[in-house]
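Q: Work the whole structure out from these sequences, hints included.
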Amino acid sequence: MSETTTHIPEEKVRIGAPSIPGFTEEGEDLSPINDNDSSPLGGASTKAHSHGGGVAAPDSSRAGRLTSTNVEDFAKLTGREEDWRFTPLKRLKGLHSDDLTGAAPKVELTGNDIAKLSVVSADDSLNGVAHTPDDRVSANAWKFASETQVVTIPKNAEGANASLRITGESLVPAAQHLIIVAEENSEATVILDHVGSAVLAQNIEFDVRANARLTVISLQAWEDDAVHASSQQALVAQGAKFKHIVVSFGGDLVRVNPSARFTGERAEVELYGLYFADPGQHLEHRLFVDHAVPNCKSNVLYKGALQGKDAHTVWVGDVLIQKEAVGTDSYEANRNLVLTDGARADSVPNLEIETGLIDGAGHASTTGRFDDEHLFYLMARGIDEKTARRLVVRGFLNEIVQQIGDEALQERLTDTIEEELAATEH
Amino acid sequence: MSTLEIKDLHVSIDTEQGEKEILKGVTLSIKTGETHAIMGPNGSGKSTLASTIAGHPRYNVTSGSITLDGENVLEMSVDERAKAGLFLAMQYPVEVPGVTMTNFLRTAKTAIDGEAPKLRTWTKDVKEAMGKLKIDADFAGRNVNEGFSGGEKKRVEILQLELFKPKFAILDETDSGLDVDALKIVSEGVNRAQDENNMGTLLITHYTRILRYIKPDFVHVFVDGHVAEQGGPELADRLEDEGYDRYLNVKA
Ligand SMILES: Nc1ncnc2c1ncn2[C@@H]1O[C@H](COP(=O)(O)OP(=O)(O)OP(=O)(O)O)[C@@H](O)[C@H]1O
Ligand SMILES: [Mg+2]
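From first to last, the protein sequence lines stand for chains H and Y.
Under the working numbering, read the first sequence as residues 1 to 426, first letter to last.
Under the working numbering, read the second sequence as residues 1 to 252, first letter to last.
Hints may contain errors.
To be verified - In silico BS3-like cross-links for lysine-lysine, where the CA-CA straight-line distance does not exceed 30 Å:
{"no.": "1", "chain 1": "Y", "residue 1": "K167", "chain 2": "H", "residue 2": "K386"}
{"no.": "2", "chain 1": "Y", "residue 1": "K134", "chain 2": "Y", "residue 2": "K124"}
{"no.": "3", "chain 1": "Y", "residue 1": "K7", "chain 2": "Y", "residue 2": "K167"}
{"no.": "4", "chain 1": "Y", "residue 1": "K124", "chain 2": "H", "residue 2": "K386"}
To be verified - Computed footprint of chain H on chain Y; a stretch qualifies when at least three of its residues, placed anywhere within it, have a C-beta under 8 Å from a C-beta of chain H:
{"no.": "5", "segment": "51-57"}
{"no.": "6", "segment": "104-111"}
By construction, these hints were calculated from the structure, which means they are not laboratory data.
For clarity, every value in this text was computed on a predicted model and none was experimentally measured.
Idealized CB from N, CA, C, for every residue including glycine.
A: Structure, rendered in structure tokens:
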């Protein structure tokens, strides 16, 4: 192998204006959300930590986090855990503490018939191939999901297109388990379209086999009262390409944790996210990319817009480049645009590198404000206020929208962004 | 011919210590085709006048008037003023996240003209105007003013001036921060806009240097929120030699 270099650019850019309360230059701060009298957990470096018994390694690294399918292995949540410190537990509606006895949201498959939907029992050997719960809510979902819906993209399939409409119909806390298997050398786009009302703890596994190309779009388009905690884990085999796009704008509390683990070389992962938080909404995204094998690539970009009182977004990006993962190329960034006062964006990129023999690794986090000066500038050029706001938000989010290959979905998102913007115009 | 008329304008701002009067009775009249230079010490209220004409919400007009051909400018919103033909090249152009120059220029042009420009000619016009101002083509894809150097921001203001073709332009220290070549390039841009559209210009500056390229018909000396003296181009040279002491001493 030719020579490799370590390159860790760090970017701290602020656009124009005053910073956001509770937001330091590192994008790092303690949340006042859960009663918290403990000392700060975790610094600028990664400090995911694990509680309770079970199989946790005594390690402050993300690698040491407790994983278990048994909910009892996880200690009861206090809200002070590194992993939960930003999440308002009171609004989780018992997903972390109660029996999840509600009916799982209905799943309907539409698309071009290449992908197949089947149902297997919760103890089928397909379960857990790509996924092991790494927090209490995910383990709780594991315990209570009574069956698993499996979408299979057959080997060598080209242009498979599957849209899963996942419709919540009740607010009784429920669990759900889905598996997407992209067989060897297949090519597919899968849309997970979450609509309706639900209080849902969810596990989704992506088994991306050798040389498969899988694009997944997880759309959280819930009604205002929904609560959704989704753990979405991918296993990415040799030569495979996995592109994951999270789009969150509906629901009272949404917490999506996407992760990707490489199991073979020359695989690529792209994790994108777009979120739009309205007054009172809590939208949280915590992702994890685990480079444990050589010569893989990962690219992470999440962009969010926030508007209104107590709109809150949280982004935590853990990227771990293990000792074995020489030749890794990785970059992660989170960019937020705060449109009004009273909204808060927390952003914490964590990059852990255990080998110097990588092609590149970097992270960035920026939070900018759209303020009166931006508005004045655009209006002084003849652009009316409404158009000015749209111009800025659309432009900002477009980078992610463009990543969505599906035209109908792109259009729907563009419309949604317009609606979100219209909601605060009076 | 159009006239921009400012009469006995009083402007104040809200500060932490309460309301503070900054403009204390400004009277000024500009016709299209004319160039007026405004010079005056730091803090005398030049930018305040410029921003008030453009309609920045920070400034409260407590009395007096601004009219454009008899129309009450003070009743217009910021965007309506731009559409009426007023243009402010800002002393500190704002960086706007998420909006590319291309998108911005087209949206603004559409708003000002009331209809979308014809795509083919528009693209050509933008390219040409950028070329003349020696603005690199890749600026079109960058976000508005984001990361532009001080001088680049000023050029981009003049680019807009040329593309939007206002009746009146207020140039707030457009010459500050420009190197010798850029000063010439930018001045040529302003002169082109004047020749082609018979634009009226209010040029705020600290230096006579730019007045060698953009010849003023009138020079106004701005001191402590009002016009202390006006005259022809020769007044600028005198200010360069003598400074503002004379006016400040009168006050003291
Ligand atoms: N927000 C504010 N709070 C307090 N004073 C202000 C504020 N904004 C402007 N001023 C004051 O108003 C006065 C006029 O400012 P202005 O920017 O109009 O001056 P100027 O003539 O353009 O100066 P310069 O030549 O330095 O650009 C200054 O004394 C300035 O400090
Ligand atoms: Mg000024």
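Q: Given the hinted pair K134/Y and K124/Y, is their alpha-carbon gap at most 30 Å?
A: Roughly 15 Å separates the two Cα atoms, so the pair holds.
Q: Can the segment 51-57 of chain Y be counted as covered by chain H under the rule of three residues or more with Cβ-Cβ separation shorter than 8 Å?
A: holds (count 4)
Q: K7/Y and K167/Y: Cα distance at most 30 Å?
A: 19 Å, holds
Q: Is the straight-line distance between the alpha-carbon of K124/Y and that of K386/H 30 Å or less?
A: 29 Å, holds
Q: For the pair we were handed, K167/Y and K386/H, check the Cα-Cα distance against 30 Å.
A: Distance of about 25 Å is within 30 Å: holds.
Q: Are there three or more residues in the segment 104-111 of chain Y whose C-beta lies within less than 8 Å of some C-beta in chain H?
A: holds (count 4)
This entry satisfies every hint, going by the numbered hints stated previously.
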